[in-house]
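S.K.: I would like the entire structure built from these sequences, with the hints used as guidance.
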Amino acid sequence: MRYLFLASLLFINNFFSTVMATEEPEFKLISEEGEFQIREYDPKIIAQVEVEGDFDEASSVGFKLLADYIFGNNLLEGESQKISMTTPVEMSPMSENFLITSPVMDDQVNDKWLMNFVMPQEYSLDTLPKPNNPQVKIIEVPKEKYAVILFSGLVREFSYSEKVELLHNYLEENGLKQQSAVKIARYNPPWTLPFFRRNELMVRID
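By our numbering, the letter at position 6 of the sequence shown is numbered 1055, and the numbering carries on one by one without gaps.
One or more hints might be untrue.
As the list claims (entries may be wrong) - Straight-line distance between alpha carbons at most 30 Å, and here's what the computed DSBU-like set of lysine-lysine pairs gives:
no. : residue 1 : residue 2
1   : K1161     : K1179
2   : K1186     : K1131
3   : K1113     : K1131
4   : K1161     : K1232
5   : K1194     : K1226
6   : K1212     : K1192
7   : K1161     : K1226
8   : K1194     : K1232
9   : K1194     : K1179
10  : K1077     : K1192
11  : K1161     : K1186
To be verified - The calculated label-pair distances, taken between Cβ atoms and stated as ranges, are:
no. : residue 1 : residue 2 : range
12  : P1191     : L1225     : 16 to 22 Å
13  : K1226     : L1125     : 37 to 43 Å
14  : K1226     : E1073     : 25 to 31 Å
15  : E1084     : F1120     : 42 to 48 Å
16  : E1099     : S1173     : 22 to 28 Å
17  : S1133     : E1106     : 25 to 31 Å
18  : E1106     : E1082     : 34 to 40 Å
19  : L1225     : I1188     : 20 to 26 Å
20  : S1229     : Q1130     : 26 to 32 Å
21  : G1102     : L1203     : 16 to 22 Å
22  : S1129     : E1073     : 24 to 30 Å
Because the hints were derived from the structure by calculation, they are not lab data.
Bear in mind that the values here come from a model prediction, so they are computed numbers and not experimental data.
Glycine included, every Cβ here is placed at the ideal spot set by N, Cα and C.
M.R.: So this is what it looks like as structure tokens:
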């Protein structure tokens, strides 16, 4: 009975994952070592908002603002358009001191965040609908290289400090220099079972 239950959960999760399959930004995998990867991302366009609050509050507010934009609160040639959702949803703390050893989910330290939706590749700056809400910024991002650590589970439940330290150690051991704050990338809708969730911590490197 237990195995039947687990098989049912797996089927349901895979079914919804297939139905809800979304575009992801393209990258070149430069190297892979266990849970770590080095990636080079192609140029892309993002919609970005700045939000305040603890991690959960900022996640909720930022997602609603960006979802409002892609669901039609925009304008192109006098009309609103729906824009396809992509993954991952990216979030990073705003701080002048972005040292990786600083825990970005410490609510007492970091209360300002950036959240990004990556725009579908079919759009250019000229063809992408313009946001009606001035809080939503459209930004063209050049080619970038990232160090990434992959993990599953609920973002609030995993040992965050341990993952950050592992990524920091990986950078040091490989002589890689951090160029950005830690970015949290989440790929799954909220109904996804924790052990099926795909999450990443990413830092831009030189």
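S.K.: Looking only at beta-carbon atoms, does the pair G1102, L1203 fall within the given range of 16 to 22 Å?
M.R.: holds, 18 Å
S.K.: Kindly confirm whether 20 to 26 Å is satisfied by the beta carbon distance between L1225 and I1188.
M.R.: Holds, at about 24 Å.
S.K.: Quick check: does the Cβ-Cβ distance between E1099 and S1173 fall within 22 to 28 Å?
M.R.: Distance hint for E1099, S1173 holds at roughly 24 Å.
S.K.: Hinted pair, alpha-carbon criterion (30 Å max): K1194, K1226. Please report holds or violated.
M.R.: holds, 11 Å
S.K.: Sort out whether K1192 lies within 30 Å of K1212, counting only the CA atoms.
M.R.: holds, 25 Å
S.K.: Hinted pair, alpha-carbon criterion (30 Å max): K1161, K1232. Please report holds or violated.
M.R.: holds, 13 Å
S.K.: Going straight from one Cα to the other, do K1186 and K1131 come out at no more than 30 Å?
M.R.: Holds: K1186 and K1131 sit about 17 Å apart, inside 30 Å.
S.K.: Is K1161 close enough to K1179, meaning Cα to Cα at most 30 Å?
M.R.: holds, 24 Å
S.K.: For the hint 26 to 32 Å, verify it against the beta carbon of S1229 and that of Q1130.
M.R.: At roughly 31 Å between Cβ atoms, Q1130 and S1229 fall inside 26 to 32 Å, so the hint holds.
S.K.: What's the verdict on K1161 and K1186, does the C-alpha distance respect the 30 Å limit or exceed it?
M.R.: Satisfied, since the Cα-Cα distance of roughly 16 Å is no more than 30 Å.
S.K.: Check the hint pairing K1161 with K1226 against an upper bound of 30 Å on the C-alpha distance.
M.R.: holds, 24 Å
S.K.: Quick one: are K1226 and E1073 within 25 to 31 Å, going by C-beta?
M.R.: Check passed, 26 Å falls within 25 to 31 Å.
Going through the hint list in order, the structure does not satisfy hint 15, though it satisfies all others.
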